[in-house]
Amino acid sequence: MRFRFFLAGLLLLSVSTLAAAETASPDDTAKFLAGIPVATNSPLAALTNARSWQAHANHLNVTFRRVEERQLSRIRNWSKANITLRRPTLFYMFSGPDFLYANSFFPDETTYVLSGLEPVGSVPDLSKISPAAIPRALYSIDRSMSSLLNLSFFITKHMKSELRASAVSGTLPVLYVFLARSGKTISDVSLVRLTENGEAVTPTRSDPPGAAQGVKITFSSSPGGPSQTLYYFSTNLANNGFKKSGFEQFCDKLGEGFALVKSASYLLHSGGFSDVRTFLLKKSAAIVQDDTGIPLHFFGADWQLRPFGRYLGPIGLFARNYQPGLAQVFRHGDAIDFGVGYRWRPNESNLLLAVKKGAAPEAPTATIPKAEPQPEASKAEASTADPPKEAAKSP
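According to numbering that gives the first Met the number 0, numbering within the sequence shown proceeds without interruption in unit steps and concludes at 394.
Read the hints as simulated data drawn from the structure, not as lab findings.
Fair warning: there could be bad hints in the mix.
Said to hold, decoys possible - Each computed DSSO-like pair below joins lysine-lysine, with the alpha-carbon atoms no more than 27 Å apart:
1) Lys252 to Lys242
2) Lys281 to Lys356
3) Lys282 to Lys79
4) Lys281 to Lys79
5) Lys127 to Lys215
6) Lys79 to Lys355
7) Lys79 to Lys127
8) Lys242 to Lys127
9) Lys215 to Lys252
10) Lys252 to Lys355
11) Lys281 to Lys252
12) Lys282 to Lys215
13) Lys282 to Lys355
14) Lys215 to Lys281
Could you build all of it, start to finish, from the sequences and the hints given here?
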């Protein structure tokens, strides 16, 4: 009897190994990592029979159902009621791999541009991972997302340590999960890097050390629906990197868009991040931010400001960033029924909607920079300064 069970287990392991040996599509991989069943003919289908995957799926089902009811559905309702402009692009600086909130606040963008210091990692290929290593990889992904799903922001040091300890690494696995759990279908994934003039090109081994490394993910929100694009760039957003990396030039080519800033360690209050602050004020038709975003006094008479929620001031770690003027603005804020930012409880959160006066309701579709191979002889100027700790978002 024991021998029969041994043979059955060996057969299941063999089938799983052979199935995973075929390279799964990006969409299948995203669904598998997100705990969503894959098609029966998928190379990953056999691996979903493992108890570890089923426990992972059950846990994420409960977690995402909770965050959907408590946060995301309410954010979508708020966005639909209050953001009446239309722009094709979202700039989400200091985001890390937070596509989940980007999509909830701005669900209809043609192009999403996310950025942070967290590395991209490699494109996940589960055929190169031992089945025995997959449970640890799933656990690490779950742990790396836990603070965002429970508090609405990443605790970056936790995310980095978890994904470094796993067979899948970087921000890409998290982006995969958030895309799949948002109901998106991924059609293509490619690594890119930026030239000094903001062109997205195919990375090579001779890339200059200061080049912004990124990933381009093409997806759709419904079967046969229009194509959308998500870019994530690992890059230094301080003044010694924003321009030199080519990231400012890349964003500039996309034209006027929307901006989202939350849980950003008050970096936009610093003179060391004045370039990205100026860019957002110039290139945004509307900005949605908590109080960690652009300080109030930078918004001139050409902006209409609408406060939502309550401004109780920064948490203790950032007490020096208190804004008396913002406290006055929020005396007349409208209520919100969701939490966001470091003060993540719904009755403590603040959200500012800044709309540029005279912004037209509609805007033309942006031209997406095309990724092309870059001659190895072309060199971008590398920054010699160490990036600041912009991703230290833990309260």
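A quick look at each hint next to the structure:
no. : hint             : result
1   : Lys252 to Lys242 : 13 Å, holds
2   : Lys281 to Lys356 : 12 Å, holds
3   : Lys282 to Lys79  : 22 Å, holds
4   : Lys281 to Lys79  : 24 Å, holds
5   : Lys127 to Lys215 : 22 Å, holds
6   : Lys79 to Lys355  : 18 Å, holds
7   : Lys79 to Lys127  : 43 Å, violated
8   : Lys242 to Lys127 : 37 Å, violated
9   : Lys215 to Lys252 : 16 Å, holds
10  : Lys252 to Lys355 : 20 Å, holds
11  : Lys281 to Lys252 : 13 Å, holds
12  : Lys282 to Lys215 : 22 Å, holds
13  : Lys282 to Lys355 : 10 Å, holds
14  : Lys215 to Lys281 : 25 Å, holds
Checked against the numbered hints above, the structure breaks hints 7 and 8 and satisfies the rest.
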